[in-house]
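Participant: Now for the letters of each chain:
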Amino acid sequence: MTRSRFLGLGYLAPYIVGLVIFTMIPFVGSFYLSFTDYNLMDAPRWTGLKNYIELFTSDRTFRKSLSVTLIYVFTTVPLKLAFALFIAYILNYKLRFINVFRTAFYVPSILGGSIAIAVLWRYIFASEGLVNMVLVSLGIEPVNWFGDPTNALLTISLLRCWQFGSAMVIFLAALQSVDKSLYEAAEIDGASKFTSFVFITIPLITPVIFFNLIMQMVQAFQEFNGPYIITQGGPLKSTYLLPLYIYDEAFRRFDMGYASAIAWVLFIIIMALTLVAFWSSKKWVYYAGDKRS
Amino acid sequence: MTDISHVTGLDALSQSQAANARQIRNARLSMALRYIVLVVVGIVMLYPLIWLIGASFKTNAEIFGNPGFVPANPTTEGYAKGWETSTPYTFGRFFLNSFLIIVPKVIGTAISCTMVAYGFARFDFPFKKLLFGSVIAILLLPNVVTRIPQYLLFRDLGWLDSFLPLWVPSAFAGDAFFVFMLVQFLRAIPGDMEEAARVDGANSWQTLVFIVVPMLAPALISVCLFQFMWTMNDFLGPLIYISSVDKYPVSLALKLSIDTTEAFEWNRILAMSVLTITPALIVFFMAQKYFIEGISAGGVKG
Numbered sequence: 150m151t152r153s154r155f156l157g158l159g160y161l162a163p164y165i166v167g168l169v170i171f172t173m174i175p176f177v178g179s180f181y182l183s184f185t186d187y188n189l190m191d192a193p194r195w196t197g198l199k200n201y202i203e204l205f206t207s208d209r210t211f212r213k214s215l216s217v218t219l220i221y222v223f224t225t226v227p228l229k230l231a232f233a234l235f236i237a238y239i240l241n242y243k244l245r246f247i248n249v250f251r252t253a254f255y256v257p258s259i260l261g262g263s264i265a266i267a268v269l270w271r272y273i274f275a276s277e278g279l280v281n282m283v284l285v286s287l288g289i290e291p292v293n294w295f296g297d298p299t300n301a302l303l304t305i306s307l308l309r310c311w312q313f314g315s316a317m318v319i320f321l322a323a324l325q326s327v328d329k330s331l332y333e334a335a336e337i338d339g340a341s342k343f344t345s346f347v348f349i350t351i352p353l354i355t356p357v358i359f360f361n362l363i364m365q366m367v368q369a370f371q372e373f374n375g376p377y378i379i380t381q382g383g384p385l386k387s388t389y390l391l392p393l394y395i396y397d398e399a400f401r402r403f404d405m406g407y408a409s410a411i412a413w414v415l416f417i418i419i420m421a422l423t424l425v426a427f428w429s430s431k432k433w434v435y436y437a438g439d440k441r442s
Numbered sequence: 134m135t136d137i138s139h140v141t142g143l144d145a146l147s148q149s150q151a152a153n154a155r156q157i158r159n160a161r162l163s164m165a166l167r168y169i170v171l172v173v174v175g176i177v178m179l180y181p182l183i184w185l186i187g188a189s190f191k192t193n194a195e196i197f198g199n200p201g202f203v204p205a206n207p208t209t210e211g212y213a214k215g216w217e218t219s220t221p222y223t224f225g226r227f228f229l230n231s232f233l234i235i236v237p238k239v240i241g242t243a244i245s246c247t248m249v250a251y252g253f254a255r256f257d258f259p260f261k262k263l264l265f266g267s268v269i270a271i272l273l274l275p276n277v278v279t280r281i282p283q284y285l286l287f288r289d290l291g292w293l294d295s296f297l298p299l300w301v302p303s304a305f306a307g308d309a310f311f312v313f314m315l316v317q318f319l320r321a322i323p324g325d326m327e328e329a330a331r332v333d334g335a336n337s338w339q340t341l342v343f344i345v346v347p348m349l350a351p352a353l354i355s356v357c358l359f360q361f362m363w364t365m366n367d368f369l370g371p372l373i374y375i376s377s378v379d380k381y382p383v384s385l386a387l388k389l390s391i392d393t394t395e396a397f398e399w400n401r402i403l404a405m406s407v408l409t410i411t412p413a414l415i416v417f418f419m420a421q422k423y424f425i426e427g428i429s430a431g432g433v434k435g
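Heads up: the sequence lines are chains A and B, in that order.
So the mapping is simple: my numbering equals the position in the first sequence, first residue as 1, plus 149.
So the mapping is simple: my numbering equals the position in the second sequence, first residue as 1, plus 133.
These are computed hints drawn from the structure, not numbers from a lab.
Heads up, the beta-carbon is just placed ideally off N, CA and C, and yes, glycines get one too.
Mixed in with the good hints, there may be bad ones.
Estimated spans, in silico, between C-beta atoms of each pair [what the hints assert, rightly or not]:
hint	chain 1	residue 1	chain 2	residue 2	range
1	A	Phe232	B	Met326	41 to 47 Å
2	B	Ala154	A	Ile337	18 to 24 Å
3	B	Pro207	A	Phe427	51 to 57 Å
4	A	Ile289	B	Asp379	45 to 51 Å
5	B	Val236	A	Phe180	31 to 37 Å
6	B	Ala194	A	Ala421	40 to 46 Å
Some chain A residues judged to face chain B by a derived CB distance under 7 Å, without partners named [unchecked claim]:
hint	residue
7	Gly157
8	Tyr160
9	Ile220
10	Phe223
11	Leu260
12	Gly262
13	Ser263
14	Ile273
15	Leu279
16	Met282
17	Val318
Isolated chain A (complex conformation) (with noise of 0.2 Å):
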């Protein structure tokens, strides 16, 4: 190789220069304004730990706000994945029109987040929505889905869960990875299915499963367009989610600093959560020719 060492960073230019500009000038600002009050109209004011002691001690909006996001997050993701990884479980078998079934699954994740398809979702879980109509219909009660605090949250939820075709995908790509033999084994050792599911193929396909664990938090703490075309954060702020927070701090109120404060409590959340499933894989991520399995 008589090519130049730094060739390389030659390509790597316009991404080096995007990192700087775009992700870690405003990184380092977005703390430095955390710390500060600014209004967009004076330069910002420094007033130290002010934003974070109000947010923590007098601020009840933002208490709503954090355990709405804390509920909404600790409830979808879990079931997102274990619907998705219980759907390519059943697809991951000798089936005719496999693929019509991947591809029909795959749609809602290509629109979901679609402000059309928040649209549909205040159509159908109207008081005289489809939902309630199809109920009705099957002799139950009809559900208020958006006057009622802890239904209004399933809605935004449930919007998310629609989704799940991508994990879907992915744990399904993963299973068919799977070695075959294995199974066999186990049945001539007498193990049920559920017995080899459990103890074969969950550990065999940790790896996905983390990986879709921290996509999926990582997004589902960011969720804005639910939450703010379909139920405005209502009713009682039981779906005022910490990302429209600080989109009502930061532009319309223009509270930049107080809202950068809040964004920098959201990702501090996210970064613990993300270092701990990191730190706690060595534990139950399963790389194959790992020594230590």
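Fit chain B to the given chain A structure using the hints.
Facilitator: The following block gives chain B in isolation, referenced to the frame of chain A:
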């Protein structure tokens, strides 16, 4: 003695036959159960979309009265009136805006991410590990934490209410996911062809354009499709940066139509919702292979 052993032998045979029959029956039952679950889940998942299409042709009175798909009195009024909008522009203008955002963004993404992935996959250079680590870090970094300073940066550059804040970060390979996906793909391709080209006197740039890009084509198509889809669906970006109605993309226009359409004019909104998802649906069905492969290869958001 022989008789007995003969009898037990037969017995064992018929037992194993029975076991076989049971196994086949179980297998059939399990197969049937799988199909039932899949079909039921499929219907529950897709019916809202099917209903949406039917409902966009219904009269306003029927939308909240008929859970079925087929409209009783089909009407295209929703499309005609919805297309007009309550603004001086038609929905055609908003579709045009969406494509004006998407096309440069997709081109910038494809070019910059290809260059960067090529750099990572085929060269050694100082700080390579650190820089690749930063790709993973960006992948996991929540956008929410950089959004406010980015907004201030674009304000100071005078880019607010233009498409530049939506185009430029992508042209600098800002979508780490695509870089990651292309690097994974390139690493799986042996470098023999490139080595041959180099021996024949091609420089690294010529090798990239004439050898690597054609081999990368399937992955690049995935990149372009995902970027198209995500940009089409993007709502928060335009919400923050675009303020003039004449520059609204479809996603903002749809939100505007919810806010400004008179109550009870539901079919206009549903009709425009159908139009909003149509480009994504068409692209997906024409190229679904690339989506599924792209996702399985890199693992994705969504």
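Participant: Is 51 to 57 Å respected by the C-beta to C-beta distance linking Pro207 (chain B) and Phe427 (chain A)?
Facilitator: Distance hint for Pro207 (chain B), Phe427 (chain A) holds at roughly 55 Å.
Participant: Would you check whether Tyr160 (chain A) satisfies its interface hint, that is, whether its CB is within less than 7 Å of any CB in chain B?
Facilitator: holds, 3 Å
Participant: Lying within 45 to 51 Å: is that true of the beta-carbon distance Ile289 (chain A) to Asp379 (chain B)?
Facilitator: holds, 47 Å
Participant: Just to be careful: measuring from the Cβ of Val318 (chain A) to every Cβ in chain B, is the smallest value less than 7 Å?
Facilitator: holds, 5 Å
Participant: Should the hint that Met282 (chain A) touches chain B count as held when the rule is a Cβ pair under 7 Å?
Facilitator: Holds, about 4 Å.
Participant: The hint names Ser263 (chain A) as touching chain B; please verify it with the least Cβ-Cβ distance against 7 Å.
Facilitator: holds, 5 Å
Participant: Holds or violated: is the Cβ of Gly157 (chain A) closer than 7 Å to a Cβ in chain B?
Facilitator: holds, 3 Å
Participant: Okay, Phe232 (chain A) versus Met326 (chain B) on CB: inside 41 to 47 Å?
Facilitator: holds, 43 Å
Participant: Starting from the hint 40 to 46 Å, judge whether the C-beta atoms of Ala194 (chain B) and Ala421 (chain A) obey it.
Facilitator: violated, 52 Å
Participant: Do the numbers back the hint for Ile273 (chain A), that is, is its least Cβ distance to chain B under 7 Å?
Facilitator: holds, 5 Å
Participant: Hint validation: Leu260 (chain A) versus chain B, beta carbon distance must be below 7 Å. Holds or violated?
Facilitator: Nearest chain B Cβ about 5 Å off; hint holds.
Participant: Tell me if Ile220 (chain A) is really an interface residue toward chain B, meaning its C-beta lies closer than 7 Å to one of theirs.
Facilitator: violated, 18 Å
Hints 6, 9 and 10 from the list above are not met by this structure, while the remaining hints are.
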